[in-house]
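I would like the entire structure built from these sequences, with the hints used as guidance.
For the protein sequence lines, the chains are A and B, in the order given. In case it helps, my numbering puts the first sequence at residues 1 to 364. In case it helps, my numbering puts the second sequence at residues 1001 to 1217.
No lab work stands behind these hints, which were simulated from the structure alone. It is possible that some hints are incorrect.
Which stretches of chain B does chain A cover? Using the computed rule of at least three CB atoms under 8 Å from a CB of chain A, they are [to be verified]: (1) 1043-1057; (2) 1063-1074; (3) 1086-1098; (4) 1134-1141; (5) 1169-1183; (6) 1198-1212.
Every residue, glycine too, gets a C-beta built ideally from N, C-alpha and C.
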Amino acid sequence: MNSDRPPLQAPLARLLESSPARPALQRMRARVLARTRQDPGRAWKFGLGWGLATTVVVAAAVFVFQSQGVPASLLTRDGQEFRDLSAHGTVATQHFADGSSLSIGASGRVVALSSTPQEFSVLLERGRLDVHVVPGGPRRWVVEGKWARVEVVGTRFFVERRPNGISVGVSEGVVVVRSAQLPEGVMRLAAGQSLDVLSPTHPVIENRPSLGAPTLPLEPPQAIRKALDPSPKAPVAAHVRSVTDLLDEADRARARGAWPEAEGALARIVAEYPTDARSSLAGYGLGVVQLRRGKQMVALETFEWVLGQRPPRSLWEDTLLRLIELHASLGQMDRAAERAADYRARFPEGRHQLTIARLVPQTP
Amino acid sequence: MSWPLAFAVVLPAPAAARPTSTLVELVVPARQGPSDASLVECAVAGDRAALGTLYDRHAERTLLRVTRLLGRSAEAEDVTQDAFLIAFGDLGTLRDPERFGAWLLQIAVRQVHRRFRKRRLLERLGMAWGESDASLQALANGVDAETQLQLARVDAVLGGLATELRIAWILRAVEGCSLGEVADQTGCSLATAKRRIAAAQAAVRKAVAVELPEDES
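Laid out in C-alpha cells, this is it:
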C-alpha cells in the first residue's frame, strides 16, 4: 500500500463519471416500453413464457454459432478486434474480415461500442464516417451519434457529426435513422437520400438532396398550435393522431422548451380522448404547462376537469393541492378552504397535509 | 411521458396568513410533476405514459449504480433493462408506491447478483467473454494518475472478492449508501451488511486506503 497518498474518501462515486451514455438510456427506454404490455401487472408472467422460449432459441443459436465457427465479434482484416479509429490530417480506413470497411475523415474519431454475432455498434465521436457494409452479413451495424442512431444491414452510407447536429447520407441500400429530433422518432433513408438532424438547441430538421438524387418528403415543420379548449366538448381536430403520438409530441416539445406546442398536444389528448386512461395524467400535465405559461385561470379549469375524471388516488391528491395553491394565489380563500376541506376529508393521512395547512390554516 | 419541467410557482400567501399592509410572497418549492406514487397508480391502471415518466426519472441513477456494481457497460444495460421490465411487470404488487425508486434498486441489485452467478458459470464452462470496460479506474473522471492507480488497485481487490462482499462494499464505499440502504438493497440484515462491508474493507485496505463513513449506529 502506498502510504504517501492520502486515503481515498468515500463515496468514490464523486471521482467517477456521473452520467451514463444518453444513447444507452434511449435504447433501453424504447425496449422497456415496447416490452411492457398494456397491463403492467401481468407483463412479468407473460414475459416469463417468452423468456423461456427465448432462452431455448438463444441456446440453439449459440450452439449453431459455435459449431460453425462464426466469430463472436467482427474482426478486422488482420484478425484483431476493432477498438477505435482516428484520423490525423488524412482519411483513415479500417477494413474488416467480411469485406466491410469504415473510413474516418480528417480529425475524426470512431470507437467500438459493442461487437457481438448479432450487432456491431460504434460511436462517432467527431468527424465524418463513411461506412461500407457488405450485404448479407449476420450482424446489424449501428452508428451512434450524439443526437441520432443509424441502423443498417448491407449498404454504403456516411454519418457526419458536427457541433450542431448529425448528417446522414446513403449511397447504396437503406438505413434507418432514429432520433428524438425526428417528427416520428425514426426515418427510413434510401439510396441517394440524406438527412440533417440538428441538435436539440436547433430543433429544425431539414432534408436536402444528396448525391444528385431526390429526397423523401418530410412532414413540414410543426407550426405552433393554439392550445385547444380543455373541455371535452371541444371540436375534434381534423388531423387525428393517437394518444401515444400526442404524448410523444408533448414530451419532445417540453424537452426543447416549446411550451405552446406541448400545451397544444396535451390539450388535444384532453379534448379528443377524454375517456382514455391517460387523459387525466395528460390533463394534469396540461395544467402544469399552463401554469408555466402564466395562464392561471385556464389551469384552474383544467385541474377541475382532471378531478372530474376521477383520477387515481395520488393524482387526485396532487391535483387538489394544485387547485388549493391556485385559489390561494388568486385570493379566492373561500374556494381554497373548500378544496382544503375536501382534501382533508378524502385524504386524512394525505402527503400534502402539511403544505395545505400552511396555505389554508384549519379553523377549529 | 417525461416531466422535465422543474419550476417554482411564486404564489402570494393566502390572505388569512399574510399581513394586510405588506404583500408577502410564498415560494412553493419546485416540484417535478406527479409523485412516484401517482405515476405507479396510473401505470397500474394502464397508463403507459406514466411508465415512461417513471423510466425517465429513475433510469439514469439505476444504470449508473448497476454499471459500477458490474464493471461492464453492456451487461449493465441488459441488467438495468431487466430490472425495469421486472419492476413494471410487478408494479401491482408494490405495497408502498412512493418507494418505487428504492424498490427498483433492490430489483436491480438482485439482478446484478444473478449476473455475477451467470458470469461464474460461464467462466467454469470456458465460455466467458466480455471485458471490464466500466471498472472504477475506467470510469474515473477528472482525477490524477495516482488516484487512477489507487482505483485500479481497488478494482483488482474487488475482482477477487465474493459477490456479496463486493456488492455491499461498492454500495457503501462507492455509492455512499447508508448501512440501512445497503441492507435494504441487498436483502440482508443490518448486521450482515456491516459484516460484509467490514470483510471487504479489510481486503481492500491491504492494497489501498479507502476511508469509509462512520457507522450511523
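Here is what the structure says about each hint:
no. : hint      : result
1   : 1043-1057 : holds (count 12)
2   : 1063-1074 : holds (count 6)
3   : 1086-1098 : holds (count 9)
4   : 1134-1141 : holds (count 4)
5   : 1169-1183 : holds (count 5)
6   : 1198-1212 : holds (count 8)
Checked against the numbered hints listed earlier, the structure breaks none of them; every hint is satisfied.
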